[in-house]
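Asks: If you want the building blocks of each chain, they are given just below.
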Amino acid sequence: MGAEMITIVNIVLLTMLCFSAVAIMLLRHLFAVAALTGAFSLLSAGLLVALDAVDVAFTEAAVGGGISTVLMLGTLALTQRREHRPPRFSLPALLVVIATGGALIYATSDMPAYGDPNAPALQHVVPVYIEGSRNDIGVPNIVTSILASYRGYDTLGEVAVIFTAGIGVMFLLGRRREDEDDEGMVRHGPGNDPESSEPEETAS
Amino acid sequence: MKHHLILRVVSKLLIPFILLFALYVQFHGDYGPGGGFQAGVLFASAFILYALIFGVDNAREVLPSKALRFLVPVGLIIYALTGFAGIVMGGKFLDYDVLAQDPQHGQHLGILVIEFGVGTTVAAVMVTIFYAYAGRTRDVDDEDW
Numbered sequence: 476m477g478a479e480m481i482t483i484v485n486i487v488l489l490t491m492l493c494f495s496a497v498a499i500m501l502l503r504h505l506f507a508v509a510a511l512t513g514a515f516s517l518l519s520a521g522l523l524v525a526l527d528a529v530d531v532a533f534t535e536a537a538v539g540g541g542i543s544t545v546l547m548l549g550t551l552a553l554t555q556r557r558e559h560r561p562p563r564f565s566l567p568a569l570l571v572v573i574a575t576g577g578a579l580i581y582a583t584s585d586m587p588a589y590g591d592p593n594a595p596a597l598q599h600v601v602p603v604y605i606e607g608s609r610n611d612i613g614v615p616n617i618v619t620s621i622l623a624s625y626r627g628y629d630t631l632g633e634v635a636v637i638f639t640a641g642i643g644v645m646f647l648l649g650r651r652r653e654d655e656d657d658e659g660m661v662r663h664g665p666g667n668d669p670e671s672s673e674p675e676e677t678a679s
Numbered sequence: 299m300k301h302h303l304i305l306r307v308v309s310k311l312l313i314p315f316i317l318l319f320a321l322y323v324q325f326h327g328d329y330g331p332g333g334g335f336q337a338g339v340l341f342a343s344a345f346i347l348y349a350l351i352f353g354v355d356n357a358r359e360v361l362p363s364k365a366l367r368f369l370v371p372v373g374l375i376i377y378a379l380t381g382f383a384g385i386v387m388g389g390k391f392l393d394y395d396v397l398a399q400d401p402q403h404g405q406h407l408g409i410l411v412i413e414f415g416v417g418t419t420v421a422a423v424m425v426t427i428f429y430a431y432a433g434r435t436r437d438v439d440d441e442d443w
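Protein chains in written order, with the working numbering: chain A, 476 to 679; chain B, 299 to 443.
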């Protein structure tokens, strides 16, 4: 009963993922595309829950479904809301996609079954981690013990990457305060006002 | 966004619970799913939701950019200092075994502290990036979308 339910849920989620991907490809109104990207992330988060990867699902739902969608909308507000290039058919692109997809599907036949305890990936250090997580660290969530303790260096590096990304964005975009303090009159003249969308309209 | 009554009421109801859930994910990460990164993102998303509904200027009053500039490096420093604490107390870099009387307590303590560092940096960076984007545009009318 449980396994069948999960298969049905997987099929439904994957179908909806495919539909939203095609819709993202075909739509030219970027607001709708950004909203659909958020929906895509939420569906992926659902799939990850079905795969028992709850930690990843959390991240996907919050980052993909929430924050990155909001950032995309922020970018649209800064640039423009419509893609001008009409969709066009490209045979080489289609062939590349079909070849890559075919190769990936062919490769899945060599993969071990989902959850197979004899899979090569689970043979190497994983038993040590599972043992150690229980006996040496005493943390029931093995993901946490691996990320924070066994792979502490990596996580420190990841935090440094996030830190660097934040600093970078701060330097590149976070300079609004000066504009404001310089008295918005000069910079936000009628031609420069982001609210007046005339230049965009004439461009289209 | 003065007239979105339902959004305002619902988000006002939800934001405390999002923050509480973020704290739960943060400090319960060694027992349940989650950890510093997820908690940081959840915490930041509560502030971003607030900024979306009530305006970035109101959000800046709750969480000023100055505080964020302070918090972004602090998380990373907490993490790195925990690593050095391992050296000082006679172990290796990021070795939590020596942080408390017995190794298991040390591991628990170390994981709790570094997860707090991760959460701090992630939350601060996410809100910083959002402020950077949102601070560049004036409010957009609903019809403009």
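None of these hints come from the bench; they were simulated from the model. Be a bit skeptical, because a hint or two may be false.
To be verified - Covered by chain B, according to a simulated footprint, are these stretches of chain A (three or more residues, beta-carbon under 8 Å):
{"no.": "1", "region": "538–550"}
{"no.": "2", "region": "592–602"}
Said to hold, decoys possible - Below, a list of computed lysine to aspartate or glutamate pairs in the EDC-like style, where the Cα atoms sit at most 20 Å apart:
{"no.": "3", "chain 1": "B", "residue 1": "390", "chain 2": "B", "residue 2": "400"}
{"no.": "4", "chain 1": "B", "residue 1": "390", "chain 2": "A", "residue 2": "585"}
{"no.": "5", "chain 1": "B", "residue 1": "310", "chain 2": "B", "residue 2": "359"}
{"no.": "6", "chain 1": "B", "residue 1": "390", "chain 2": "A", "residue 2": "629"}
{"no.": "7", "chain 1": "B", "residue 1": "390", "chain 2": "B", "residue 2": "359"}
Beta carbons are placed, not taken as given, at the ideal position from N, Cα and C, and that holds for glycine.
Asks: Against this structure, judge whether each hint is valid.
Replies: Hints versus structure:
no.	hint	result
1	538–550	holds (count 7)
2	592–602	violated (count 0)
3	390/B to 400/B	holds (16 Å)
4	390/B to 585/A	violated (41 Å)
5	310/B to 359/B	holds (16 Å)
6	390/B to 629/A	holds (15 Å)
7	390/B to 359/B	violated (42 Å)
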